[in-house]
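The chain contents come next:
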Amino acid sequence: MNRRTFLTLAASAAAAAASRTAGAVTFQREEREEQEFVGVLMDTTRCIGCRQCEVACAEVNDLPVPKPAEDNGLAERRDTTPDRFTVVNAYETEKGKVFVKKQCLHCWQPACAAACPTNAMEKTPQGPVIWHPDRCLGCRYCMLACPFEIPRFEYFSANPRIRKCTMCFSRLEEGKIPACVAACPMDALQFGKKRELMEIARSRIYQNPDSYVHHIYGEFEAGGTGWLYLSSVPFEQLGFRTDLGTMTFPDYTREFLYAVPLVLLGLPTLLYGLSEMTKKKGGE
Amino acid sequence: MLGAQTWSAPSRWQFIKQELKPKGPLWTPFNMLAAFVIVGGLIITAIRFAKGLGAVTNLNQTYPWGLWIGFDVITGVAFAGGAYLVTLSVYVLHAEKFHPIVRPTVLNGFLSYVFYAGALVLDLGRPWHIANPIIGNKFGYNSVLFLVSWHFLLYMLAELLEFSPVVAEWLNAEKAKRWLSRLTLGAVIFGVTLSTLHQSGLGALYLFAKPKLHPLWYSEFLPVLFLASSVFAGIAMIIFEGTISHRVFRDRIDPQHHASFEDIVFSLSKGAAVSMYVYLFMKFLIFVHGQHWNYVATKWGAWFLVEVVVFTLIPCALFTHGYRQQRLDLVRIAAGMTLVGILLNRLNVSVIAFNWNSPATYYPTVWEVWVSLMVVFMEILVFRWVVNRMPVLSSATH
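Going down the list, the protein sequences come from chains E and Y. Its first residue numbered 1, the first sequence is counted upward by one per residue in the UniProt record's numbering. Its first residue numbered 1, the second sequence is counted upward by one per residue in the UniProt record's numbering.
In short, the hints are calculated from the structure, not lab data. Glycine residues also receive a C-beta, built at the ideal position from the N, C-alpha and C atoms. Warning: the hint list may mix true and false statements.
[As the list claims (entries may be wrong)] Computed spacing ranges between beta-carbons, pair by pair:
1. E:L270 <-> Y:F30: 25 to 31 angstroms
2. E:P268 <-> Y:V309: 21 to 27 angstroms
3. Y:P215 <-> E:E199: 34 to 40 angstroms
4. E:D71 <-> Y:F30: 55 to 61 angstroms
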């Protein structure tokens, strides 16, 4: 056991203990029906930019593992890639340096899932949005639709996959918590049901009204997301899109899709009627 | 020629074998160019499948859809709109005037779908799953793309049915022709319905792009705008294709047909002008209602005006004037400009004004352009092959 593994383990134990107080979430299949969606709360005021979440994510998902101590990753603005599901970026703000972790937000009604012609992007009943390789056509409409620009495509592969954070879906099914949450030494990340996370987030704002802006990002954005964020500065300063509105993305196409069966039934009838009306006597 | 009314199977087979051979000189400049473009395109395609899309395209994480979707599919399908308009006029509204152009237009529409929409396969990351939305490896009922893919497939079948009597005529299969002709009205009604849904569906695809598309192009009425513009896109394509066909295939056209073509073109230009007025009116309403005045002074505003004023309003006026003065040259210029305008509009929505605010950029590689050209040349070659053999431009049997 090397030092990092030890630290990670120690951190996960601590985080696991913390999350148990917030109400542990189990994933037994029998319980699915009354299950509430789960998510993660990120308190950016607590994040120190150690990037242990990135390391844990890479290890769990078999991705190239970053070396926070050496690679100077906070110096530049980085984005997620097909082999980097989460990144921590540093933002210079009016209240000094703020670190923000970026990954899939696991929307409550995701645009990617509504866009997918084969449900290869699926909002699971537990909350995480996951990808099914056996269904996906590689059409990349999920990428076009996602307002947070999260799904990533392997452009240099003959057998490309869509890659993104899965909220460690397979770990959740084993009763564990997401690797990044387990790895966070500062309790900046907290896993739980959204309802409970909202209570935690609100009470932090109420108890420290001067430390936080009174907004929980993800409560309503794009219809609400599985990941929630707390911040000491307006979210615009942290690279968040604040112009997305509160409408869920499936609603953007719902009216159009509802019109389809009407057109399919009504238009042929109308056209047949027109054809009969304009028919010349003795013709055809 | 082979006028035998009742053929035994072997002789029909021999006839097809004979027809498969090229007619006319093989090494014309056009053929050499086409061969060069197609062979090169096939090599690029092979590299694309061996090494991934990134090997030949500039697509990236911010621009998942580039020229192959924006031009081949989104623009190509609009250009193919003529088929549903003409079949609607002739078979449903009984506007007999347009009968002479039904066959070339339906052929053009069908081939456009096969080649342009077919080029979608090149863009799919995992094309071996292409049948999934059809065979039910999960139906994405919530997805506009699911709807569009189904309608593409069914529409191709409808167009094939509409064209099948011509094939039967070519093969001298009288019985089959009579049987297939009876299906035409049904196929047309089915085809027009599917067309309205997927022409607008292509616009509906971009409803999700609200946070990414420039406000001058984004509108909740995108589906309606796409449907309306497919009307004059289709008409402009008929005029464009007809003008070329009437030069290239002069000997395949009977004299009365040739004479009536001018008359048809003028009627079409009236239709184009009317649909463009309607479209421009809607554009204007959306513009005013969206309070977009403050964008006009920006470079995006200027670009918007190029599309809407230069390549929609001016050709609209030219169609009107050309129709009034019965001037073929004006109508042809208008048709050409309209095609450019549609191209601009579709590329603006799908590529140029998409992610306008993002630091990442996309412009197609020369290979992407090359493959798109390959698709165009393939369609032209097959169109020429069919027109030179089957009774497409003249209703008389060969």
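The hints, checked one at a time:
no.: 1; hint: E:L270 <-> Y:F30: 25 to 31 angstroms; result: violated, 44 angstroms
no.: 2; hint: E:P268 <-> Y:V309: 21 to 27 angstroms; result: violated, 38 angstroms
no.: 3; hint: Y:P215 <-> E:E199: 34 to 40 angstroms; result: holds, 38 angstroms
no.: 4; hint: E:D71 <-> Y:F30: 55 to 61 angstroms; result: holds, 56 angstroms
In the structure shown, a violation is registered for the earlier hints numbered 1 and 2, in ascending order.
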